[in-house]
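Peer 1: Chain by chain, the residues run as shown.
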Amino acid sequence: MAPTPCFNCKEARAVIIRPKNRHKLCRACFINIFETEVHETITGANLFFRGERVAIGASGGKDSTVLAAVLKTLNERYDYGLDLCLLSIDEGIRGYRDDSLETVKRNAVQYEMPLKILGYSELYGWTMDQVVQQVGKKGNCTYCGVFRRQALDRGAGRLGIQHVVTGHNADDVAETVMMNLLRGDLPRLSRGTSIVTASDASDIKRSKPLKYAYEKEIVLYAHHRQLDYFTTECIYSPEAFRGSARTLIKDLEKIRPSSILDIVKSGEDMAALVPTGVSGSGKQMAGAAEDESAGGCGSGNGRTSGGEMAAMEKQLTENDAAESRETEIKISNGGRAIRGPTGKAVKAQTLKHCERCNYISSQRICKACTLLDGLNRNRPKTAIEVSVGMEDEEASSTLMRQMERAQLSAT
Amino acid sequence: MPAKELNKPCMDCKNAEFELIVRQRQLCSSCFRRFIAHKVQSRLSVYRAFGLDGPRNQLLLPVSFGVSSSVLLHILYADRQARLSNGRPLGYDFHILVIEPSTVAATGSPFDKNYKALQKNFPMPAITRIPFYSIFDYVPEMQEIMKEYGGPQFTDDSSRSNGERLAAFRASISTATSKTDIDTILLTRLVAEFAKKSGCESVIWGDSDSRLAAKALAGVAKGRGASLTWQVSDGISPWGVRFEYPLRDLFKAELLQYESVCAELSDIIVPDQPPSDNVLTKNLSIDELMLRYVQNQGAKYPGVMANVARTANKLNPSTSGSAPTCALCAGLLGNVTGNSGVTVANQAEDNHSSQFCYGCMRSRPGELC
Numbered sequence: 001m002a003p004t005p006c007f008n009c010k011e012a013r014a015v016i017i018r019p020k021n022r023h024k025l026c027r028a029c030f031i032n033i034f035e036t037e038v039h040e041t042i043t044g045a046n047l048f049f050r051g052e053r054v055a056i057g058a059s060g061g062k063d064s065t066v067l068a069a070v071l072k073t074l075n076e077r078y079d080y081g082l083d084l085c086l087l088s089i090d091e092g093i094r095g096y097r098d099d100s101l102e103t104v105k106r107n108a109v110q111y112e113m114p115l116k117i118l119g120y121s122e123l124y125g126w127t128m129d130q131v132v133q134q135v136g137k138k139g140n141c142t143y144c145g146v147f148r149r150q151a152l153d154r155g156a157g158r159l160g161i162q163h164v165v166t167g168h169n170a171d172d173v174a175e176t177v178m179m180n181l182l183r184g185d186l187p188r189l190s191r192g193t194s195i196v197t198a199s200d201a202s203d204i205k206r207s208k209p210l211k212y213a214y215e216k217e218i219v220l221y222a223h224h225r226q227l228d229y230f231t232t233e234c235i236y237s238p239e240a241f242r243g244s245a246r247t248l249i250k251d252l253e254k255i256r257p258s259s260i261l262d263i264v265k266s267g268e269d270m271a272a273l274v275p276t277g278v279s280g281s282g283k284q285m286a287g288a289a290e291d292e293s294a295g296g297c298g299s300g301n302g303r304t305s306g307g308e309m310a311a312m313e314k315q316l317t318e319n320d321a322a323e324s325r326e327t328e329i330k331i332s333n334g335g336r337a338i339r340g341p342t343g344k345a346v347k348a349q350t351l352k353h354c355e356r357c358n359y360i361s362s363q364r365i366c367k368a369c370t371l372l373d374g375l376n377r378n379r380p381k382t383a384i385e386v387s388v389g390m391e392d393e394e395a396s397s398t399l400m401r402q403m404e405r406a407q408l409s410a411t
Numbered sequence: 001m002p003a004k005e006l007n008k009p010c011m012d013c014k015n016a017e018f019e020l021i022v023r024q025r026q027l028c029s030s031c032f033r034r035f036i037a038h039k040v041q042s043r044l045s046v047y048r049a050f051g052l053d054g055p056r057n058q059l060l061l062p063v064s065f066g067v068s069s070s071v072l073l074h075i076l077y078a079d080r081q082a083r084l085s086n087g088r089p090l091g092y093d094f095h096i097l098v099i100e101p102s103t104v105a106a107t108g109s110p111f112d113k114n115y116k117a118l119q120k121n122f123p124m125p126a127i128t129r130i131p132f133y134s135i136f137d138y139v140p141e142m143q144e145i146m147k148e149y150g151g152p153q154f155t156d157d158s159s160r161s162n163g164e165r166l167a168a169f170r171a172s173i174s175t176a177t178s179k180t181d182i183d184t185i186l187l188t189r190l191v192a193e194f195a196k197k198s199g200c201e202s203v204i205w206g207d208s209d210s211r212l213a214a215k216a217l218a219g220v221a222k223g224r225g226a227s228l229t230w231q232v233s234d235g236i237s238p239w240g241v242r243f244e245y246p247l248r249d250l251f252k253a254e255l256l257q258y259e260s261v262c263a264e265l266s267d268i269i270v271p272d273q274p275p276s277d278n279v280l281t282k283n284l285s286i287d288e289l290m291l292r293y294v295q296n297q298g299a300k301y302p303g304v305m306a307n308v309a310r311t312a313n314k315l316n317p318s319t320s321g322s323a324p325t326c327a328l329c330a331g332l333l334g335n336v337t338g339n340s341g342v343t344v345a346n347q348a349e350d351n352h353s354s355q356f357c358y359g360c361m362r363s364r365p366g367e368l369c
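Respectively, the protein sequence lines represent chains A and B.
For the first sequence, UniProt numbering gives the first residue as 1, with consecutive numbering after it.
For the second sequence, UniProt numbering gives the first residue as 1, with consecutive numbering after it.
Errors might be hidden in some of the hints.
The calculated lysine to any residue pairs, modelled on SDA-like cross-linking and capped at a C-alpha distance of 20 Å, are [to be verified]:
1) LYS20(A) - ALA330(B)
2) LYS314(A) - LYS300(B)
3) LYS39(B) - LYS20(A)
4) LYS20(A) - SER285(B)
5) LYS314(B) - LYS250(A)
6) LYS254(A) - LYS300(B)
7) LYS314(B) - GLY184(A)
8) LYS250(A) - THR175(B)
9) LYS254(A) - LYS282(B)
10) LYS314(A) - GLU288(B)
11) LYS137(A) - GLY307(A)
12) LYS250(A) - ASN296(B)
13) LYS282(B) - ASP251(A)
14) LYS254(A) - ALA330(B)
15) LYS179(B) - ASP251(A)
16) LYS254(A) - GLY235(B)
17) LYS254(A) - LYS116(B)
18) LYS254(A) - LYS314(B)
19) LYS116(B) - GLN347(B)
20) LYS254(A) - ILE236(B)
21) LYS300(B) - LEU84(A)
22) LYS282(B) - PRO365(B)
23) LYS20(A) - MET361(B)
24) LYS314(B) - PRO365(B)
25) LYS314(A) - GLY235(B)
26) LYS250(A) - ALA330(B)
27) LYS282(B) - ARG18(A)
28) LYS147(B) - ALA330(B)
29) LYS314(A) - SER266(B)
30) LYS250(A) - GLU288(B)
It should be emphasised that the hints constitute simulated quantities derived from the structure, not laboratory data.
Bear in mind that the values here come from a model prediction, so they are computed numbers and not experimental data.
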């Protein structure tokens, strides 16, 4: 069979079938098109300004590695004038982070960017391994997600940087849309798709330049540019709703490859249709603080533990039972309320600062501090007093060495 | 004190042996029917708000001979008969519409037997049966729309019958997902146009809770998130008639239970085909995938699935009243008000210069995916 020519340049031999639209492309055209699309996203959304210092949330995985490579390329090609650096979080999962952090360190050298590594043990006094020891394997992604979210912001704060970019791709965004629909979480549905989450309340702005990039294309890009990244999956299973949504999306992609973007499109539309009482003026701010707070980590393979779904099921059944007991009362004044948006009951959120750590939160105490409370309550007394210290008895000496090295390379 | 000595009394009337368990309650068949009917009636009570002398609303009830719409018919009919015999005001009345199933799915003989049974068991003043291809009569511009939509993949031959032309159009659409998608759109449109022509204020759809959840998920997966406000929520449709989903509080399994205690329905209902196990996921339609997903998950987590439809029902209808809409499905073109800048719709190559919405463009003949 004769080789198919590239759909774009019609000259070179096509070696790639784009997962997004099944165009057959040559290597050079694919890389160029991929980069141009990210560039269009960046310029269309006015993500950056000249001279801005930007931290790339780097995990050593494919998404953040591709993000770093593309941003470096685009920064030079289109002269964005950005000051880029890498920011890594060490969750303290043995066998998962050790190698990927080595990758990040190599990336820092390859892309000539400064690197800062921040550990959970340093920030919270708990490594993820310790958390799992304490809470078991179910629901630990909640801790990881909540802790990481704040960790990136705090890390950026320490570096004096106002803008963190993350490697969330279209698959992640689609997954979040589906997950929030399954969970019935309207506030998050209203903000999960926005490309930038920033606020007056927080100094740190977050954005996802790869929001429209397919995970499969990110892998292809990394492969064809021979990027140095680390392939691994988190050894702890993802949260059930996310796992369920992930499995669903993998099936959808098999049926209709465009469905990932179609879901993102639906998500964007629905976000605008969420009643204002729910999304409110705090829409963007809440995003900065709590987006994906209960989410997983974007890896894993869709195994479902089912704990969260079962818990929600129980709650809903109880609500239902309670509601059926009050039927009589509702009938007398019900009737008309069914019609129109006024009858639709919704929960509103307001934003405050956490009383403990001053992080933005819709509650009095932010999610991370609440989780930490729960953890610390069950910990031997000696450790409670050193919740943020390096003296933590279990902080490994390897980690401390890594930290010191990271600080050296960051300066 | 119970009137009779019973081994397992019904938890409501305590006057009969229980036959069914619904929502952890053991009920006799008449209490069960009352429970189900109450869930439906409370959804439609708004149409009775005018009381004795008020105008009577006319609703349109499309019946597909499936379980859900037939059960809904049974409930409404029983209520109507009870009111007539008691001399109570009806409040609303309904018109039955059957779109002949043999013109929708190419499965042999017409459903005459079922239709006759429907006329016999539910002798309503207004029952109409129309073929699917009568969409050309109810929507005169449909030929033009189809021609435009089908593009080069579809050639219309005006010398052929309406039935053949509709079949040709449907055959030009390639994938299972797109076929189901377009069929649903055309059927919905036909029902809505019929409702308008026959003076009905609202269409009452027989979608169960499970079905609505699957519809919501499938709608999102097909890029039709903005249309959920009338495809899943109770609300005004783009054609000016309201869409109501009075079965939204009932699971499919409960409707099957209801069917089992109603002998009048057995001649009418065409049982669902059991889902085949040997279909590759990639050959399923998205609607079917979601239906299976909701069924599988619903067995374990019925409340979570029910909550999906409830969540979708909380969305506000789009405020962009005068915004241009899709010629085929009447969904919004481009973005919902409030979205601008970089969005999927703005990036789509086929976004501009099209009279069709994002979701419809995905199902177009010749679309690769």
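Peer 1: Need the list of violated hint numbers for this structure, in ascending order.
Peer 2: 1, 3, 5, 6, 10, 14, 16, 17, 18, 19, 20, 21, 24, 25, 26 and 29
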